[in-house]
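In case you want the letters, here they are:
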Amino acid sequence: MSTAAGPTNSTTNVTITLNGSEQQFIVEPTDTLLELLRREGCFSVRFGSDSGETGAGAILLDGRLSSSEVVLAVQADGHRVDTLEGLSAMRDELDPVQAAFVATLGFQSGYSAGALILATHALLAENPSPTEAEIRDALSGVLDRETAYVKAVEAVQRAATVLRGEKPAPFGPLVLPPLTDGVHAVAYDPAPTAPGTSPAVPRLIPSVDVPPMAVVGKPELKVDGVRLARGNPAFSDDIELRGMLHCKVLRSPHAHARILDIDDTAALALHGVHAIKHYKNTPRVVYASGGQSWPNPHPWDQVSFDDKVRHVGDRVAAVAADTPAIAEQACRLIDVTYEVLPFVLDTDAAMAAGAPVIHDQPDAVGVHDAARNVAIHIEGKTVDTATLAAAFAGAAHVFESTYHVHQVQQTPIEPHVAVAWLDESERLVIRSATQVPFHVRRIVAPLLGLEVKDIRVMKPRVGGGFGAKQEMLIEDIVGHLALATKRPVRLVLDREEEFVSSRTRHPQTLTFRTGVAPDGTLLAQELKVTANAGAYGTHGFTVQSVTGLRGLSSYNCPAKRFECDVVYTNRPVPGAFRGYGAPQALFALECHMDDIARALGRDVIDFKRQNWVKVGDRLDIVMFLGERGTLEPADVDPATFPPVMTSGIEECVAQAARAIGWHRRDDPAWVAPADRPHIRRGIGFAFCMHGTAIPFLDMGGCSIKMNDDGSFNVMSGAADLGTGADTVLGQIAAEVLGVPLSDILMYTGDTDMTPFDVGAYASSTTYISGAAVKKAADAVRWRIKVRAARLLGVEEPCSIELRDRRAWAPDGRSVSLQDIALNSLHTEDQEQIMGIGSHVSHDCPPPFAAQFAEIEVDTETGQVTVVKLVMAVDCGVAINPITASGQVEGGMFQALGYAVSEEFAYDDTGRMVNAKLGPYWIFRADDAPATEVFLVQTMEDSGPFGAKAVAEIPTDGVAPAVRNALLQATGVAINEIPFTPERVHRALHPTG
Amino acid sequence: MNAVVEYHRPSSLDDALRLVAAGGTVLAGGTVVNAGTRPTGSLLVDLQGLGLGGVAGAGAGAGAGSGAGAEGAILVGATTRLSELASASVAPDWLRDLARRELPSALRTLATVGGTIVAGGGESALVAAFLACDAVVTLAGPAGTDDVPLADLLADLLADLHDDPHDDPHDNPHDRGALLGGRIITSVRLDAGGAASVHSTARTTADTPIVCCVARRGAAGVRVAMSGVAPTAVVVDDVERLQPPGDFRGSGEYRHHLARVLQARALTELGAER
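Chains G and U are the protein sequences, given in the same order. Its first residue numbered 108, the first sequence is counted upward by one per residue in the numbering used here. Its first residue numbered 7, the second sequence is counted upward by one per residue in the numbering used here.
What the hints contain is simulated information worked out from the structure, not anything from laboratory work. Among the hints, erroneous ones may be present.
Claimed, not checked - Sample of chain U residues facing chain G (criterion: CB under 10 Å; computed from the structure):
id: 1; residue: W100
id: 2; residue: V142
id: 3; residue: L145
id: 4; residue: D253
To be verified - These stretches of chain G come out as covered by chain U in the derived footprint (C-beta under 8 Å, 3 or more residues):
id: 5; region: 316 to 326
id: 6; region: 372 to 382
id: 7; region: 745 to 758
Stated by the list, open to error - The calculated label-pair distances, taken between Cβ atoms and stated as ranges, are:
id: 8; chain 1: G; residue 1: G272; chain 2: U; residue 2: D243; range: 52 to 62 Å
id: 9; chain 1: G; residue 1: T238; chain 2: U; residue 2: G277; range: 23 to 33 Å
id: 10; chain 1: U; residue 1: G277; chain 2: G; residue 2: Q717; range: 38 to 48 Å
id: 11; chain 1: U; residue 1: G258; chain 2: G; residue 2: T509; range: 47 to 57 Å
id: 12; chain 1: U; residue 1: E77; chain 2: G; residue 2: V974; range: 35 to 45 Å
id: 13; chain 1: U; residue 1: D99; chain 2: G; residue 2: Q717; range: 45 to 55 Å
id: 14; chain 1: G; residue 1: D169; chain 2: U; residue 2: D99; range: 54 to 64 Å
id: 15; chain 1: G; residue 1: A706; chain 2: U; residue 2: G258; range: 51 to 61 Å
id: 16; chain 1: G; residue 1: V974; chain 2: U; residue 2: G277; range: 54 to 64 Å
id: 17; chain 1: G; residue 1: R771; chain 2: U; residue 2: D99; range: 53 to 63 Å
id: 18; chain 1: U; residue 1: D153; chain 2: G; residue 2: D169; range: 28 to 38 Å
id: 19; chain 1: G; residue 1: R1093; chain 2: U; residue 2: A270; range: 51 to 61 Å
id: 20; chain 1: G; residue 1: R1093; chain 2: U; residue 2: A161; range: 54 to 64 Å
Think of the CB as a built atom: it goes at the ideal place given N, C-alpha and C, for glycine as much as any other residue.
Input sequences plus hints: build the corresponding full structure.
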């Protein structure tokens, strides 16, 4: 097509200089540039949203970073387009920008790696020595839900250094001496920490209890870093299958309605439509969608397609067609007759007399009280009711406060994607962006009328999950349609669908009541929660149980009680979200404890320290809450309560308090700066304690086999969501087998090829899947030692050591692992050296953390600006300190959005009004506060090489730390998040 | 994805106007037209071939020239991308900064000045800045070109929106395009001289402001304009007469409060009074 005027009625030719070569393409006028590029094999250009604000689809258009989702292919006619694919032609080759992102962990999942790298190229081409602000501005178009951008900024700086011909400093943790003896508090030290060190680098405080290791504890590069930086087709949607159909889902416009009839005649008649599924042609099989161990906790209240819709965005029907546009058009042609019903969005209204009954279907299983919309009721207590009452009665002070936490979303930049097809054996293959491939296979099988053995679920790289993908969310839809059409079927949710039909965090109202002795010791504590389950009860039991567990575990107290109602409403559905009930609990708990300290005239850290759990203390409430049934206090011997074996909290507090400048909060001139009269400043603190996996339930399996060249295939059922789990698991195997990480080939998350694993959730991958890897590696190690002993003529295989790719006899002779492999596979008494391991834990050793937040509040407008976040975490031994610090940074940022900017807002029809990124605000590179992360080592003997969990605890403390900073700055306690300007202004000026 | 069946890239303004007269939807950068809101029309008119881009100094009475114009006058072509305005040396720093802040890095390279005026909505701080610069929009139509003060153009739009309360001001860029009555914006003339003060409140420092107040002290006195207080950015002569609509980010009452506070700060900074 020329640039001259002229109509184009259907397909047209465009000429684009793509990655340096002028090419002609045939396009439809409606094709976006993103669609064209992906069709042409540029899979590094990825879909994040229709309106381009995620930047996942950003390319260089005439050298300028541009979101290709909002550019029509015809608009690019005559222009130059560059993608990641054009940067480096050779296998494994990285240019300096790609190399810098790999070296600094500038991206995690790599879903938006192309955009980040191209943004850097565009910036550095114009400005070889950009300031940090200029870098952050250049990255502002690429939303990252996984990091805090600090390592990406470091990557750009590093790339600039290299491109200027200078040599960058090595990138690794900054090792700091401890401030404490590991147990006792020390006087606060106001001396500043290590000035001038990059904030992207974790501060590591080693423990003397940790033995020296070769691979574990080292800042190894991500095992998938190079292929992600090259933009290789690694994600679920990065395949094209012959004859693939495209699915669109017709969704409910009503918050609550009965479907009286569906007429799909006109839609089916549309050319290019192959199948339509809805309640009239789909078997009714009841299930719960949460990706949890068998049997799923009740209620089971969903079916693939129902004759009732319970929230705006609920499923009505699904279409498979030749193109997404035809499928969309067919959705519009489906004639649905609704009987619109009254709806409720909030729990009080849902439980009120006369409220509409949301689950009135007779086949729902295990709904607690359907008539009152109570999906689940949970109780747990460490003492009997009379003892609890007596404890409150005997307390010198009793404090009670109520807190409200709201609905937010995980918003991974990669949406939910599933592709299903029948393989040559007519088994159903589902390629899905999931955290739980094994649970998906088990849950989806009965819905499709198949056996588990008829299905294979594969999880390629996942572009972030955060719990949203701990669901069987859309796999049944593509399964139904693939079976109906015998064709591959692909479904990718758009951003609005992600908001309204994916999963969210449970909103809760939490009331803490606490009895305190005159000296500040806690005597009795009760937590009552009303949680909003939205339209379906998925994860409702376990999330709220964790709320009770986390709300009543941080502090020692001889009498505790938890009670909770989980209530149906007509909101989009809450489910699993990183932290899983803990961020809600810890917002309430850490605010409540701050309030008590203030009321008693106590220093907040001192008061919390007096009561927080320490090494040797036993965790009691955990025995009375959980999926495996609850017990009565009289039934449990307190001596069996799991004890805390390691805690680095005092070192965490000492390091983080010094880094944030805790002493400034007591300086009136700092709190109220004279030159900015409407500004108040504050610093807040939250004590955080999380869990590590679910004891007796979370299970992981691993198998390892040795190859001819002495390398190893590690096959684990775990699911790396971008977290670096594959890297960490590989490091564990490498440490055991005495090889560099580069000799470990990770393959994870494929139900046909890898052992079972519950999946990536509940802070379990390193601890559970890692322990399984270690056991499998130990088994392989033993076979290598036996073979090495024979080759070296050594009597005792036990005396053989593995290191540096060799097996060593005590006398210093050695044989290479390659020679052992060749011997075992080809030469003599042949065997495949391999091992399996599986692990389930009876412990869940808590990681601990100190979270601090520095804020400024504009007292006239209510705008809260978070200036700095410091978190010091005791996660045991961080197997990889760089990926661990990336988890902490990214987790804090999700928690920051929870605290100040993210919320689901509804109109008076129950429709979400801000189902779009922007109106739903997640932090960008250019409004990110400063961060600093400390990793305080402890040696947790129950974990692999001393590890505890790290991925969820960063989501726990930011909201209460910000709230406590606001309280300290203004004297006003705000017990409801998010701290949006109007809410804060109203609290500061209650009379208007 | 659009339901568009025809795409045109005219190389002359006359061709473009004929296509618009035939019911075409104007496509400038595409960040709004191509993003989810689906035009019902079947004809897209891409302006990129018209050569309407560029930023130049425009001294009083002078055409597009080089260097800063007298008293800060600037002529901005309609298809100038926001990223180009953000780096235009003839524009003052505060205006460049607002152009940069309007959209993140991967969208401001696409979005245009003309498109922002038409589709920016009531939350556009950049359009408020244009109002504070006494922007005059040049419109080309079948009957020739017109220079229309931006404030008048937006006031017409505001009246139109009041007439039809079902019109969602944030979601209907195509209806807004229709307001131009078959005309196409070709350029905007700004008076960016004198001191300016920008104050805003948002959920975070990079978020679209809930309310943004731009005050500029020009030769003719102080001009105050705001975003976030009406369905379009507006010139504010009397802050007490505002009646801001509310949404989940700020009720009408709160937005009105912000308007007072932010205006007071801006005027104080300029050493001005109202």
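Checklist entry - With 10 Å as the cut and Cβ atoms as the points, is U/W100 at the interface with chain G? => result violated (16 Å)
Checklist entry - If you look at each residue in the region 316 to 326 of chain G, do at least three have a Cβ nearer than 8 Å to any Cβ of chain U? => result Three-residue rule not met by the region 316 to 326 of chain G, so violated; n is 0.
Checklist entry - Taking the closest Cβ pair, is U/V142 under 10 Å from chain G? => result violated (28 Å)
Item to check | Distance restraint hint 38 to 48 Å, applied to the beta-carbon atoms of U/G277 and G/Q717 | outcome: violated (54 Å)
Item to check | Pairwise beta carbon distance, G/D169 to U/D99, judged against the given window 54 to 64 Å | outcome: Given a distance of about 26 Å, which is not inside 54 to 64 Å, the answer is violated.
Checklist entry - Given as covered by chain U, does the region 372 to 382 of chain G meet the bar of three residues or more with CB within less than 8 Å? => result It is violated: at least three residues are needed, and the region 372 to 382 of chain G offers just 0 whose Cβ sits closer than 8 Å to chain U.
Checklist entry - Once the shortest beta carbon distance from U/D253 to chain G is found, is it less than 10 Å? => result The hint holds - U/D253 has a Cβ within 10 Å of chain G, the shortest such distance being about 7 Å.
Next on the checklist: Within 35 to 45 Å: is that where the Cβ-Cβ distance between U/E77 and G/V974 falls?
Outcome noted: Cβ of U/E77 to Cβ of G/V974: about 39 Å, so the range 35 to 45 Å holds.
Checklist entry - Measuring from beta carbon to beta carbon, are G/R1093 and U/A161 in 54 to 64 Å? => result violated (32 Å)
Checklist entry - Does the Cβ pair U/D153, G/D169 satisfy 28 to 38 Å? => result Because 31 Å falls inside the window, the suggested range holds.
Checklist entry - Against chain G, with CB atoms and a cut of 10 Å, does the hint on U/L145 hold up? => result violated (20 Å)
Item to check | Outcome for the supplied range 54 to 64 Å, where the beta carbon pair is G/V974 and U/G277 | outcome: The hinted range 54 to 64 Å is violated for G/V974 and U/G277, with Cβ atoms some 29 Å apart.
Hint check: violations occur at hints 1, 2, 3, 5, 6, 7, 10, 11, 14, 15, 16, 17, 19 and 20; the rest are consistent with the structure.
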